[in-house]
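The listed protein sequences correspond, in order, to chains A, B, C and D. Sequence positions in the first sequence follow the UniProt record's numbering and run 1 to 415. Sequence positions in the second sequence follow the UniProt record's numbering and run 1 to 415. Sequence positions in the third sequence follow the UniProt record's numbering and run 1 to 415. Sequence positions in the fourth sequence follow the UniProt record's numbering and run 1 to 415.
Where hints are given, some of them may not hold.
As the list makes no split between identical chains, a pair holds if one copy fits it or if it spans any two.
Here are the simulated SDA-like cross-link-like pairs (lysine to any residue), alpha carbons at most 25 Å apart as the crow flies [what the hints assert, rightly or not]: (1) K223 - E76; (2) K201 - E367; (3) K319 - V202; (4) K201 - R390; (5) K181 - G21; (6) K412 - E335; (7) K355 - Y215; (8) K411 - D148; (9) K343 - Q92; (10) K355 - M284; (11) K237 - K410; (12) K343 - D314; (13) K319 - G95; (14) K343 - N326; (15) K410 - G120; (16) K179 - E315; (17) K410 - E335; (18) K411 - A339; (19) K9 - S281.
Just so you know, these hints were derived from the structure itself, not from any lab. Here the structure is a predicted model, which means the values were calculated and not measured.
Residue-level listing of the chains:
Protein chains: 4
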Amino acid sequence: MSLSPSSEKPVKKVVLAYSGGLDTSIILKWLQTTYGCEVITFTADLGQGEELEPARQKALLLGIKPENIFIEDLREEFVRDYVFPMFRANAQYEGLYLLGTSIARPLIAKKQIEIAEKLGADAVAHGATGKGNDQVRFELGYYALKPDVTVIAPWREWDLTSRTALLEFAEKHQIPIAKDKRGEAPFSVDANLLHASSEGKVLEDPALEVPDYVYSRTIDPEKAPDTPTIITIGFEKGDAVSIDGEALSPASLLTKLNALGRANGIGRLDLVENRFVGMKSRGMYETPGGTILYFGHRAIESITLDRGAAHLKDELMPKYAELIYNGFWFSPEREMLQALIDKSQEFVTGTVRLKLYKGGVHIIGRESPYSLYDQDLVTFEEGAVAYDHRDAAGFIKLNALRLRTLGQRKKKLGL
Amino acid sequence: MSLSPSSEKPVKKVVLAYSGGLDTSIILKWLQTTYGCEVITFTADLGQGEELEPARQKALLLGIKPENIFIEDLREEFVRDYVFPMFRANAQYEGLYLLGTSIARPLIAKKQIEIAEKLGADAVAHGATGKGNDQVRFELGYYALKPDVTVIAPWREWDLTSRTALLEFAEKHQIPIAKDKRGEAPFSVDANLLHASSEGKVLEDPALEVPDYVYSRTIDPEKAPDTPTIITIGFEKGDAVSIDGEALSPASLLTKLNALGRANGIGRLDLVENRFVGMKSRGMYETPGGTILYFGHRAIESITLDRGAAHLKDELMPKYAELIYNGFWFSPEREMLQALIDKSQEFVTGTVRLKLYKGGVHIIGRESPYSLYDQDLVTFEEGAVAYDHRDAAGFIKLNALRLRTLGQRKKKLGL
Amino acid sequence: MSLSPSSEKPVKKVVLAYSGGLDTSIILKWLQTTYGCEVITFTADLGQGEELEPARQKALLLGIKPENIFIEDLREEFVRDYVFPMFRANAQYEGLYLLGTSIARPLIAKKQIEIAEKLGADAVAHGATGKGNDQVRFELGYYALKPDVTVIAPWREWDLTSRTALLEFAEKHQIPIAKDKRGEAPFSVDANLLHASSEGKVLEDPALEVPDYVYSRTIDPEKAPDTPTIITIGFEKGDAVSIDGEALSPASLLTKLNALGRANGIGRLDLVENRFVGMKSRGMYETPGGTILYFGHRAIESITLDRGAAHLKDELMPKYAELIYNGFWFSPEREMLQALIDKSQEFVTGTVRLKLYKGGVHIIGRESPYSLYDQDLVTFEEGAVAYDHRDAAGFIKLNALRLRTLGQRKKKLGL
Amino acid sequence: MSLSPSSEKPVKKVVLAYSGGLDTSIILKWLQTTYGCEVITFTADLGQGEELEPARQKALLLGIKPENIFIEDLREEFVRDYVFPMFRANAQYEGLYLLGTSIARPLIAKKQIEIAEKLGADAVAHGATGKGNDQVRFELGYYALKPDVTVIAPWREWDLTSRTALLEFAEKHQIPIAKDKRGEAPFSVDANLLHASSEGKVLEDPALEVPDYVYSRTIDPEKAPDTPTIITIGFEKGDAVSIDGEALSPASLLTKLNALGRANGIGRLDLVENRFVGMKSRGMYETPGGTILYFGHRAIESITLDRGAAHLKDELMPKYAELIYNGFWFSPEREMLQALIDKSQEFVTGTVRLKLYKGGVHIIGRESPYSLYDQDLVTFEEGAVAYDHRDAAGFIKLNALRLRTLGQRKKKLGL
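Chain A on its own, in the form it takes in the complex:
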């Protein structure tokens, strides 16, 4: 008997997040044989860079009915409704990580639940392991959107705990195994339009440099061009809308930034991070376009956002990033913070110029019709000066008043 709560009632139909790869194909078969239930596959294009048609063929081969196979291009929705709102917050987890994996999970969960509701499925399943954050992100999404759903997490339930056991299961059930999948991968990978990440095996010792062959989205900064690339990004209400004057849809824009980032070796990150499930892990992230976007957004905010707004955003950012990292996208507190952040972006419009060079992104210019830096704004009327330096004396005196009182107390006490 399984230990999973999911096994406590019979499952009739399950919607599986299916990549078409070996692991999720094994899960597919395992669901059929273990639960005896109808399996619906959902395969999404989030910009991971793989063909989706083979997934359909493989699903058919594994006995999935054509009407139970769902394949969807989610790239625009992903960037428009998930990546961009998050970048409005300048979100970085633990000061450095741009949350590329975290932000994709809620969208996949949402789509699985939509299909489950449409087809009357009572369960959903994913291929995330029992030690990572992704299981949490998937499942919090599932439960938030369909509170009575049964969640099946095969990696936490089955006894296929070794590579050998997995391959035996695959062979036994005639699941095709690509030649290069026989051996164990030297690291595991996640990818979408925002980033690629790798962890495990060869990356496990945080004292050792990440080998170059682990990177897939960026060239080595040392091999990047010797002359910088200069680009202009246009922003509207906090979101990037154009590159070098060319208007682009969200996904097209990020795709183009990725190409620019790749060519200039931008967005590599070697990080030891704290997982929500309690341990530290070491990961390698490549976020070429996202890294450019991050600096671009900071730059346009620097002239269009008021200090009070900017500092409030900065103070709340770590909490916002933590919520996304931990899988709480569909929570009231994330939505409340989003309302606060979005409120601030009304005038975050303008263009920034960036220099891309051998791994670095350098802000070199910013302009906006709504600039708060604008000299005309500082001068309030003809001939008048808005700033009187004598005001500074009073400003300082009153700010100092409590410190003087404290100083006086110390003096009185002989401290």
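Given chain A's structure and the hints, the job is docking chains B, C and D onto it.
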């Protein structure tokens, strides 16, 4: 009659923060002539890269008594008691600025007050203008440490409001004027061991790139070596103590990091920031060694700091940085936050390896005897596994409970 | 020549916040004689409990043209757009003060500016002193809404620095002086529909109890009825809408709560607080209806608000309260926080029962169609239990993982 | 096979938190019969108001060896090292709850672990249920202090899921059953020197008032004396040290405050709260002495704590309270916050006067040798005034500058 509160009572002795340059020499003379008071000069070596003996000669020339001339090398104290504590917090103002100017002011203020107390001076004076942050930082320090002090801020008081007026005053009072000081400087500069900054004039249009001649502490990344430099920094309790195995005093260490940073074009920042006094300004900062230190500290914390400690620090950092930027170093709230930060650094000990390359600092390894990443730690006893992936199911279920309740409410309402 | 920046350019028309009392009548005349400008009076009914018609008569008497006299009943707008939004946040300054004075200032400032825009006035004036918070609250409002306005703060400008001087000025200008205004008041008062406050003179020693005659809005708890009063308040989307089943407009509702509070001695507060301008002051506040409202709102939130939402609100409340106290109602950061708070209130609907007894408000019941406490919600389907206590083991294990790792490090180090 | 992780390895010796009551006696026997292990009992006097000797007799009767019975009076340690540090923070969970249950758990956990280390026990056990917060608080403490410990939580493991099953087990194992324990209790109770709490059964409907017979620590406010009681509490460095001039040890002081609170009907709270394990629950709390202490501490802080310190504390309080509520007393982040809080309390010394009356605590006076309110402090030197109201103009002007810039932008845009 002057508008300054400082003029309301007669001043007998004033301690002036004196650089030996033209501007503070004019201030010196102006204090003598306007207030008719005895002037004490204080000149500090904070690593700004200038000889101090000429300041003594000039002070003597301007009629300061030898016993009223104070010159002090503060580099070690500056790095040990100000820069390092601040770097324990990973402090960045507005997400990017490492606070190089801000952190030097409290120390200068403290030394002026110490001299004032020793010599019975009733006033202090500084050369910061009436539109910037530095006047606030100096004066909040003065008032906190000597609440009854009279503060004289000549730039807010006098009528020498043009370059011409200043030079006329200088000539009238036989203050030597270096040839290159006759014209107006194309930008103003502040420098100490942590950084150099420039602002004003040629930098005023934030749409235009900072001209290369403005940089003084770093070479252009494009002219930096084609092969990376790899270094190891040793940390103890949150502070850097060695480079490549060589133990170094705080100031020596930062000096060496500055040389490494300079050579690799590291630490340039072109920023539009929000001043405490209310307007935006555009500045150029060079923090070569500090930038390396920032990434090194983040790296050593990543393996030695617990998640709860790390996230709390990240959440409080913006407030801490703002306090320092705004000049509240000597405030109870800064001291309280420092107590919290310092408490977290007990085991932030170990070494990190960094790759410096054409403007970039890349973390490539970290090790510590106190690592929380250590495999041995994760395994609690022989043969036992600390992490049971079945626990994750319960963990997720309870984290999801409130989201499911919310989802149930929505469903009930047909939302 | 005045020191005020306001005096630097001639003033043509000024909109004065005019109560009709002696002090603002003196200000009215002083503006006419000092600035030689046209004065427009604005008198608002914010529920302070005074007739407004006498203010009109007095303004006419002092030579104000009828078309320059503005009198407006703002009670509904005050409660609906200022008091209620603030109570959604459960705002308390320094843990105890319900911000009764602070919240009225922005509305008065807004109305003055609206009149100034309509009549082409270039200046505004108020009667707040130079040592308090109200001057800041008025003026930040003025400047935010009309950045080029000239602000006149007579108490900071004139030389009428004693009671005698004021009375002489009044007599000289034939301003009627009520008999009881000849002597100095034993304390100063502010009042509106939300509260009455007193400070100064007899209240200045914080060691001494506030004399009973200072209270005007509540009876002494000791003299309140010996039997409790039990009431029901209905809430919709975070705002109170009914009492004991009777639907009431915002101002009517608060008026009724005030009567209930007064009769039961509720809402007295004796506080030493920290002013924005830097010193501590001691005040006495009476907020009878507001105190009841505060507990009622907390009670209805307790069953309708999710934990994540509730805790986020609690964490941000001190900052929100501080912004209002300091006068930053019309700031982007207050508006951002308001967006966050309002987002949370969608389902804060239902009724609460409260017991009012001799100064105390006791929550004794709460119900809501949107309750998250509802048993039916906790059970997700027939016969099934949403909560499996075995999940708790996993939940605890993973929450403990990082603490165990820390414990292991300590043990290894022999600590 | 049990689902508990605790069952995966044999247990030799277990330290049980033993009250001597029926439930923990059943647990004791169940541990012996299920695990076949040696049981060590630990019974603490935390001021719950019960004799401890009967617990010893009962343990002996149930076969525990005399040397395995530990009974300890922890009242002083409890108040000094847990209650007082928490009150320095003015901690309230969800705005109202003084954390009476939460704060006792870490101390019990710590003592159990100390005994386990001394006697070489490999396991600990507690009697908290699987649906509450206490299991989390106990176990996080255990794991933090002894990471390799085996935790046994019988309520999550056994099949004694009904009252009948429990009684049968008791009878079968000859555990004496008091007559009044045969029926099911109408609510469950927790008590210690800080508070008593009740929940469950008759309290489950949050719409219904708590019946009077549920209260045990306070008399009904309506039955409290008709004349107020006035007391003086002395504080030193943030902790209460005397009542009406009489120096008292921490536990004696809290005991006396409890008596005063009881007699005046103070400290009753009827609350719907959010549990860490995910659901809402309704509880009734009585914290008579703690409620008085809370207001007393706020009052003494109001004159001795600087604004910056006070506001920082207020902003961090909700997080601190949440940590304690959730069971993270022994976490680095709680210790970091404690360091911050303790740093602020150096001068929180003086006396406050409070009026206790029919359920209410009213602050009526406060004095301190370190008062920051003191008039002498505000005046810095003879004849001089520290506060110049003209300074306020500059203070406001610079604080308004960014708001004016924003206003100008709006105007430019015609908004």
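Hint check results:
1. K223 - E76: neither (31 Å within a copy, 40 Å between copies)
2. K201 - E367: Cα proximity of K201 and E367: across copies only (18 Å, versus 46 Å in one copy).
3. K319 - V202: neither (31 Å within a copy, 39 Å between copies)
4. K201 - R390: Classified as between: cross-chain Cα gap 22 Å, same-chain 64 Å, threshold 25 Å.
5. K181 - G21: within (10 Å within a copy, 60 Å between copies)
6. K412 - E335: For K412 and E335, only the inter-copy Cα distance (20 Å) is at most 25 Å; the intra-copy one is 51 Å.
7. K355 - Y215: Both. Shortest intra-copy (22 Å) and inter-copy (17 Å) distances satisfy the 25 Å Cα cut-off.
8. K411 - D148: Only across copies: K411 and D148 sit 10 Å apart there, 66 Å inside one copy, limit 25 Å.
9. K343 - Q92: Both: 20 Å inside a chain and 24 Å across chains, each within 25 Å.
10. K355 - M284: both (24 Å within a copy, 16 Å between copies)
11. K237 - K410: Between copies only: 15 Å across chains, 50 Å inside a chain, cut-off 25 Å.
12. K343 - D314: Answer is both: 14 Å inside a copy and 20 Å across each meet the 25 Å cutoff.
13. K319 - G95: both (12 Å within a copy, 15 Å between copies)
14. K343 - N326: both (24 Å within a copy, 22 Å between copies)
15. K410 - G120: between (72 Å within a copy, 18 Å between copies)
16. K179 - E315: Answer is neither; intra-copy 50 Å and inter-copy 48 Å both fail.
17. K410 - E335: Classified as between; 15 Å across copies, 46 Å inside a copy.
18. K411 - A339: between (48 Å within a copy, 23 Å between copies)
19. K9 - S281: Answer is neither; intra-copy 35 Å and inter-copy 28 Å both fail.
The earlier numbered hints that this structure contradicts are 1, 3, 16 and 19.
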